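Residue numbers (my numbering), protein chains in the order written: chain A, 1 to 531; chain B, 1 to 531.
Hints in this document: simulated from the structure, not taken from any laboratory.
Hints are not guaranteed to be accurate.
Said to hold, decoys possible - Listed below are several chain A residues computed to face chain B (Cβ distance under 10 Å; list not exhaustive): (1) D258; (2) V373; (3) A404; (4) E407; (5) L442; (6) N444.
Said to hold, decoys possible - Pairs of lysine-lysine residues, derived as PhoX-like cross-links and limited to a Cα-Cα distance of at most 20 Å, are as follows: (7) K300/B with K329/A; (8) K457/B with K472/B; (9) K116/A with K160/B; (10) K160/B with K144/A; (11) K472/B with K492/A; (12) K32/B with K300/A; (13) K160/A with K116/B; (14) K329/B with K300/A; (15) K300/B with K32/B.
To be verified - Residues of chain B clear of chain A, computed beta-carbon distances all greater than 10 Å: (16) A98; (17) G141; (18) A523.
Quantities reported herein were computed from a predicted structural model and do not represent experimental measurements.
The C-beta atom is built at its ideal place from N, Cα and C for all residues, glycine as well.
There are 2 protein chains.
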Amino acid sequence: MKNSKLQLWQRFQQYYTEFPELGLALDLCRMKFTEGFLASMEPRLQTAFAKMKDLEAGAIANPDEKRMVGHYWLRHPALAPQPELRAEIEATVAAVKAFAVEVHDGRVRGATGPFKNVLLIGIGGSALGPQFVALALGQPGTDKLAPFFFDNTDPNGMEKVLAQIGRNLGQTLAVVVSKSGGTQETRNGMLEAAAAYERAGLSFAAHAVAITGAGSKLDHVAQADRWLRRFPMWDWVGGRTSELSAVGLLPAALQGLDIDALLAGARACDQVTRGTSFKTNPAAQLALMWFYIGNGKGDKNMVVLPYKDRLELLSKYLQQLIMESLGKKLDLDRVVVNQGITLLGNKGSTDQHSYIQQLRDGLNNFFVTFIEVLRDRDGRSLEVEPGVTSGDYLSGFFLGTRTALYESDRESITLTIDEVSAFSVGVLIALFERAVGLYATLINVNAYHQPGVEAGKIAAAEVIALQAEIVKYLGQHPDGASVTEIAAGLRKDGEEETIFKICRHLSANADRGVGQTGGISPATVKFTLRS
Amino acid sequence: MKNSKLQLWQRFQQYYTEFPELGLALDLCRMKFTEGFLASMEPRLQTAFAKMKDLEAGAIANPDEKRMVGHYWLRHPALAPQPELRAEIEATVAAVKAFAVEVHDGRVRGATGPFKNVLLIGIGGSALGPQFVALALGQPGTDKLAPFFFDNTDPNGMEKVLAQIGRNLGQTLAVVVSKSGGTQETRNGMLEAAAAYERAGLSFAAHAVAITGAGSKLDHVAQADRWLRRFPMWDWVGGRTSELSAVGLLPAALQGLDIDALLAGARACDQVTRGTSFKTNPAAQLALMWFYIGNGKGDKNMVVLPYKDRLELLSKYLQQLIMESLGKKLDLDRVVVNQGITLLGNKGSTDQHSYIQQLRDGLNNFFVTFIEVLRDRDGRSLEVEPGVTSGDYLSGFFLGTRTALYESDRESITLTIDEVSAFSVGVLIALFERAVGLYATLINVNAYHQPGVEAGKIAAAEVIALQAEIVKYLGQHPDGASVTEIAAGLRKDGEEETIFKICRHLSANADRGVGQTGGISPATVKFTLRS
């Protein structure tokens, strides 16, 4: 079914909603759901609203981990179910702001001068939000501190970031972010950073701040070594919804971004998305559209296309928020459902010159969420043709692509924001958080745990342990050993493949002392340890 | 079917192939294809090899556009079917190198000193390759020129890049890349850059180089305004396979990267991937695996996960190469097939803390292509635990995730490279180029055109034209007009929605002179033009 242009205009008027208090509009007219679909979903939607109300009131909304889910309290502390929680949230925001002021005015400073850089060391929920916000709101030359990130355990990647910082390590504030304090990538990043400070003759502790759970390993280290400051994380805030806790607020405040506006945007969006009707609640609109297009099973990929360079990391941020929250094997009744929604996308119009060819002509396995930003730039625009600006082209390409996709039966949602600002970024964060929460109830999954990531971590720990055994074994066998021999010697039959992989990795790094002879076949190659 | 660990080790030995001359290994053992599948594909594969041979010999392999497809000649000019082409390729590489030397030694310099930065202005195939290579091989502090990019028509995005460059515009070499010279994003980027140089009292022409087709609009501008230099693009090189033409070689050479090694890697990979058996040809292995996992219809998403920060842009680069090449409506017999393979991914182990939850537990709608890099870093590694390095963890997380996914029946390919170097990046580019070409024959599509992107461009041009009409109309109606009135007045019934969107965009940008009154409903809002 394709609508005539007149019908489209009518449908646009029906399903285009402005939320002026949020600087937001949502347009569903290019989604081909029916009124009947909306009516059929109404009971489930009301259940989702009710569950969300319970969650906000402090219910154990994450039953597997027996935790409350409190990210909505972060921007409206009066909502917190206990006065102590409210006090902690308020005290933390105040401490973040006070610390940022001390850093900015030079009372807290590095060994070689006032802090010019902030190096955030974290991964996943402890990095994606800060990275998204830093790119969206920062401005080179104007930022009070320039942001850098260690977001992986790649040693060369860390070296490269250190090379960017160059000789300014003595004016670089390290912010180590780990709720448990046990995330190994972050622990490694901290150790690599500390070694770099030491090589530069600097005390790491005198340049370091921790954001972590009270009593965590990291908390103990920071306390024992007298780091500059410690900020709390709470078990009722999940990593992927922690941007408006100290995790996101501290680096943003240090960069000089307006965290009050960030919080205000999220708070205003929360207020609107507490509405209990489809028409007035943009988060409910998103959630129902996701259900419609994917049959409640994620049958279509979500392509997120912001037409604004500053929002380029939104899709990465949403990959975590949406895929980690919804990608679940079991539903709340322990039935195997293998749920999720797959997300991709970078930015328009750039992506039009990349994969939009496939979107328009190829597999119809997706829907697009366009993010339109009305305001082009500060100040006057250059005319690239009489009466036409670069921003007009950006807008034109967005509208043209939306039309071209619709003409070939590809559906899309358009989310419009007035401008990219701290307030609107707060709105976007809160909007998608709530949409995910509501959708999770529609499909009956726990959006607040991540049981599937443990298996990979456990398997990785086994690899690390096996490596030590291999190195020890090779030390005892100076003539070297084949993979089969190592496996037999360690009584690790069945681990040959992993042993081969570990040995190849070691032998490719000259400083590890592992050599190889005997060709390139996994069956014949022999590994040796240089003494 | 799940294999026992012993069976896996046997399967690993069978389907793990090292290509020592490429520093490459490919492991298919976690893909559950059968020998029968391989046998059944053999005739099609031989056809693909034969077609590729014709292509390399100069056949019109892009029939719709009646063009030869010559990217393989770029790294082995002696293969070019005509001596003039060979001469042009060789002369261009020589000219690129000579120009880079002149820039590096200061014979060619900016108004305020030797060039320190290169600002590439391009989009899609004229930016993604250079961006991928710059990130993979560059090193802050060591690069001869620091790379910057305008890759969109977002005016604020361009302003932000200019703010990064700061006061060094007089030492910044602008490289404008557009084959046709008609790509509007790039034209706009060029105009915005030129205006910035002028505001700084600098001549843009004296800091600009063009890479474009002979006789294009851009070529004429560069010639008329006496830009520093012009380099050619040819109609037999598509944008998405242009990295080893001047498009990629010039920025890489300016940055100080080893373009000879880049070309050597691609040439060596081409040599290996001309092999006509599955076992000896890694590109054929990839192509058959794509066919197997997606039933020749792209039924599964491809998740590309390099465990190396430097390769983070590989997935973006491959999105264009793969999705634009394969995402086609019609096959070569004009049958509607809606083909493609959807690609996503950033980097490991970072993504394990993001969407790997869904990969392991949620929708089984994907396969992973792991990219393993054996070499961790230059120099000695820090021990983060006794005998364990950050790189061991990176390797351990890769192996752990590969195992965990396999245990929950998610399939994966592992591509191993010895290190990230100019040579290995050349290998990767050539490997995926050839895999795409072979796979396209397997599914009988033209991999070398992009008919679907025109519709969006045409629709965008209509939007730009309509905007001018609207502004004119509002100028003639000083009391303002509703969307319906504008549509009626311009005889554009059916365009109400687009008119509303254009007016909203204009009214959000104060310098455009468009105001709005009458509420937020599309039906009632009135737009005015300030005189």
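Hints, one by one, checked against the model:
1. Checking D258/A against chain B by beta carbon gives a least distance of about 17 Å; that is not within 10 Å, so the hint is violated.
2. Against a cut-off of 10 Å between C-beta atoms, the interface hint on V373/A holds, since the closest Cβ of chain B lies about 9 Å away.
3. Hint status for A404/A: holds, given a least beta-carbon distance of 4 Å to chain B, under 10 Å.
4. Because the beta carbon of E407/A sits about 7 Å from the nearest beta carbon in chain B, less than 10 Å, this interface hint is met.
5. Interface restraint check for L442/A: the shortest CB-CB distance to chain B comes to about 16 Å, outside 10 Å, so the restraint is violated.
6. The criterion of a C-beta within 10 Å of any C-beta in chain B is not met by N444/A, whose closest approach is roughly 14 Å, and the hint is violated.
7. At roughly 18 Å between alpha-carbon atoms, K300/B and K329/A fall within 20 Å of each other, so this suggested pair holds.
8. For the proposed pair K457/B and K472/B, the alpha carbon gap of about 23 Å is over 20 Å, so the pair is violated.
9. With a CA separation close to 19 Å, the supplied pair K116/A and K160/B stays within the 20 Å bound.
10. Annotation: proposed proximity of K160/B to K144/A holds, straight-line Cα distance about 16 Å (limit 20 Å).
11. Between the alpha carbons of K472/B and K492/A the distance comes to roughly 79 Å, so the proposed pair goes past 20 Å and is violated.
12. In summary, the hint linking K32/B to K300/A is not supported, as the alpha carbons are separated by about 25 Å, beyond the 20 Å threshold.
13. Pair hint K160/A plus K116/B holds up; C-alpha atoms about 19 Å apart against a cutoff of 20 Å.
14. Among the hinted pairs, K329/B with K300/A is consistent with the structure: their alpha-carbon atoms are about 18 Å apart, no more than 20 Å.
15. Among the hinted pairs, K300/B with K32/B is consistent with the structure: their alpha-carbon atoms are about 14 Å apart, no more than 20 Å.
16. Separation of A98/B from chain A is adequate, the least Cβ-Cβ distance of about 29 Å exceeding the 10 Å criterion.
17. Consistency note on G141/B: stated as away from chain A, yet its beta-carbon is not over 10 Å from all of that chain's, at 5 Å minimum.
18. Against chain A, the non-interface label of A523/B is violated: not every CB pair exceeds 10 Å, the least being about 6 Å.
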